[in-house]
Amino acid sequence: MQISVNGQTEQVDIQSLEDYLTARGLLGRRIAVEHNGEIVPKSQFSHVMLEDGDVLEIVQAIGGG
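What the sequence shown shows, in our numbering, is residues 232 to 296, in sequence order.
Please keep in mind that the hints were generated in silico from the structure rather than gathered at the bench. Remember, predicted model here, so these are calculated numbers, not experimental data. It cannot be assumed that every hint is accurate.
[What the hints assert, rightly or not] Taking CB as the label site, the calculated pair distances span:
1) G294 to T240: 17 to 23 angstroms
2) V236 to G259: 14 to 20 angstroms
3) G294 to M232: 33 to 39 angstroms
4) Q246 to I293: 16 to 22 angstroms
5) G295 to V243: 29 to 35 angstroms
6) Q239 to Q275: 21 to 27 angstroms
7) S247 to G294: 27 to 33 angstroms
8) M232 to V290: 31 to 37 angstroms
Beta carbons are placed, not taken as given, at the ideal position from N, Cα and C, and that holds for glycine.
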């Protein structure tokens, strides 16, 4: 299936948002995820199923000072 992640089209065979984030090494990091315009709480990552045409926006908090 084809999804859009941060404006880039990706071909994926992954079913859940949690699986996607795990495959990209992002699970457990300080991130915020928007799925089709809705913020997804971390507790719901495993419940969100990806479908063809979905749009994800993923931002990662980076500390500094």
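Going through the hints against the structure:
1. G294 to T240: 17 to 23 angstroms: violated, 30 angstroms
2. V236 to G259: 14 to 20 angstroms: holds, 18 angstroms
3. G294 to M232: 33 to 39 angstroms: holds, 34 angstroms
4. Q246 to I293: 16 to 22 angstroms: Roughly 29 angstroms apart at Cβ, these two residues miss the hinted range, so it is violated.
5. G295 to V243: 29 to 35 angstroms: holds, 31 angstroms
6. Q239 to Q275: 21 to 27 angstroms: Since Q239 and Q275 have Cβ atoms about 23 angstroms apart, the given range 21 to 27 angstroms holds.
7. S247 to G294: 27 to 33 angstroms: holds, 28 angstroms
8. M232 to V290: 31 to 37 angstroms: violated, 23 angstroms
Hint check: violations occur at hints 1, 4, 8; the rest are consistent with the structure.
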